[in-house]
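Visitor: Protein chains in written order, with the numbering used here: chain G, 230 to 426; chain C, 8 to 414.
Note that these hints are calculated values from the structure, not bench results.
Don't take each hint at face value.
[Unchecked claim] Here are some, though not all, of the chain G residues that point toward chain C, as calculated from beta-carbon distances under 10 Å: (1) GLY272; (2) SER314; (3) VAL318; (4) ASP326; (5) TRP363; (6) ALA365; (7) CYS374; (8) LEU376.
[Stated by the list, open to error] Calculated cross-link-like contacts (lysine to any residue; reagent style SDA-like; alpha-carbon spacing at most 25 Å): (9) G:LYS387 x C:LYS144; (10) G:LYS387 x C:PHE245; (11) G:LYS387 x C:ARG72; (12) G:LYS387 x C:THR201; (13) G:LYS387 x C:ALA234; (14) G:LYS387 x C:ASN237; (15) G:LYS387 x C:ASN116; (16) G:LYS387 x C:ASP236; (17) G:LYS387 x C:TRP68; (18) C:LYS144 x C:ASP131; (19) G:LYS387 x C:ASP131.
The C-beta atom is built at its ideal place from N, Cα and C for all residues, glycine as well.
The residues making up each chain are set out below.
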Amino acid sequence: MREHVMSSDPHSHPQSHWHPDVRSAPALAQRLDRLAMRLLPGGLTALAAVLLAAPTGIPGAIALIPGLAMASVFFWSVWRPASMSVPVVFCLGLLLDLIGFAPLGVTAFVFLLLHGTAVHMRFGLMRLNFVTLWLAFTLLESCVCWLLWFLVSALSFKIMPTAPVIFECMLTAGIYPPFAALGNWAHRRFSNPEPQL
Amino acid sequence: MDFREGAAWQDSLPCFAVLPVNAAGKTCGMIPVSIQIRQALDRLWLPAMLLLSIAIMLLGWANQRVTVAARMATADVLSPLWSLVALPGHEISEAVSELHSIGHLAHENAQLRSENENLRGWYDVAVSLTQENATLKENLHWMPDPLPSFVTGRVVGDVGGLYSHAVLINAGPANGVRVGDVALAADGFAGRVTETGEHSARILLINDVASRIPVLLESSHGTAIMAGDNSSTPRLIFYAQDNHPVEGERVVTSGQADLLPTGIPVGTVHYIHAGTPVVIPYARLNHLSILRVFNFETGTIESPDAPGRVPVTSSRSVRSDGKKDNPLDGMTLGGVVETATGHPPAGYQPQRQDTQGSEKPESNRTNEEHPQNQNEDDNTQGDHQPLQKSGSIMPHSSFSFPPAGRG
């Protein structure tokens, strides 16, 4: 229903008989909602990373951060790339670099590679059953961990110890199933901001 | 204007929901772009961001100052949040340990009583030794050591990451913390301040891979470098091959690098395998909660410009003994080479003796001997004979703590 607005209304166009605010209000809410949906997984992962960096006394909490972030990036990149877009992945990696005092940009770089690979192989990966997908993730995250190790070693001109890398690979593989269970629930619960083609 | 309104009127769908109907052109935000350009732009995001991250990597590597500033700014923002998160954790762990101790109250009481009796004896020893020490110092016209100023901060963040071991404390330059300051836990040396923000400082722990601390071994009187290797026990390297570290002996810092004061207790020597001595630190590096950051100002004491000092460039002459065993003699900076090879040039020795007296208070920061050290001295009296004869500085000098805030 079109509304005839008073010409005194400062928000309306003088010649228009249509009140833009009435129509754009739900659109704005919808957009905000979709924006929230897009940022929610990345934001929650960043929050978890920040909280885990606090000295909570949880053993291995620091090693948990990159593992959790990798599981998150992979899961959402495969199932809902719109919720884990490239800038979000980049910001997440940069945040981890800043918190973890790794050489700046290294984690962002490897996370972007992980995201790119996951999105590229998305439709193949979605067809796999859970165990195969888990194996694929384990393979990918191992590559990511070793690449990270290589980059950190190269940038600091020092061969870093390899024991933490192996620990990290195993920890990340172990995190994935519970994370995927949680992610699946969220995936069904919250609407998809993805373009419906 | 009509176009803008029309578009908003037509579809309230967000701009990424591109339908084939309006493939010719639509508005997204402000700029109208065709679907082809949109898809191309979407595909460009990943390479662009990858390039950006590589650029950040290289820039951060080339300009460390910007990197440090960015990190410490992040740490400054996050440290209040971290301390908020950590607070209930501390309380819970304290409550749990209290609950634990309730079960062993009787046993603990008996233990404390016997320990108390033991300590009372030590207290008497300490008092008499303190007085003796004070008298001796007065007789010697001992130069009083500069009293270190210290700041106590709570550990608010574990900022180590996978490849490094570091913590963040909630005290910064505003509270007097400077880069290079020494951080001590309740029971020993924990690390050094490497970066500071506004209200926070990052402390590199002694078990980090980048940490190299010159140490002194108390019983064997040897020196070594304590090198972190990301495990909980840093290794001892560069010790003399004819004077190996002894299992169980105390390790303290040596003031050799001019970065640390002498005698801060670090830990004890332990051999994990034959030939690989490590240090078991006194500080519980995995469970640091409160750190004291000391400013010793060791850098401010510089050796005086002695008139007899041999300039590095002028000693390009034949040595006093006439020998010329160094092939680099005469073609390099003689003084540098000779100092490095351990052959002092002519005229160097007397000057060193002259300056030894003035160096003494700096290299030996004895305040009061701990009774515990005294006990060790008694056990290893044989080792003391040559030392006392030569009149050199005793490495047993112990760093005396100001009373700890926490047990």
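Visitor: Broken hints, numbered, in rising order?
Guide: Hint check: 1, 5, 6, 8, 9, 15 and 19 fail, others pass.
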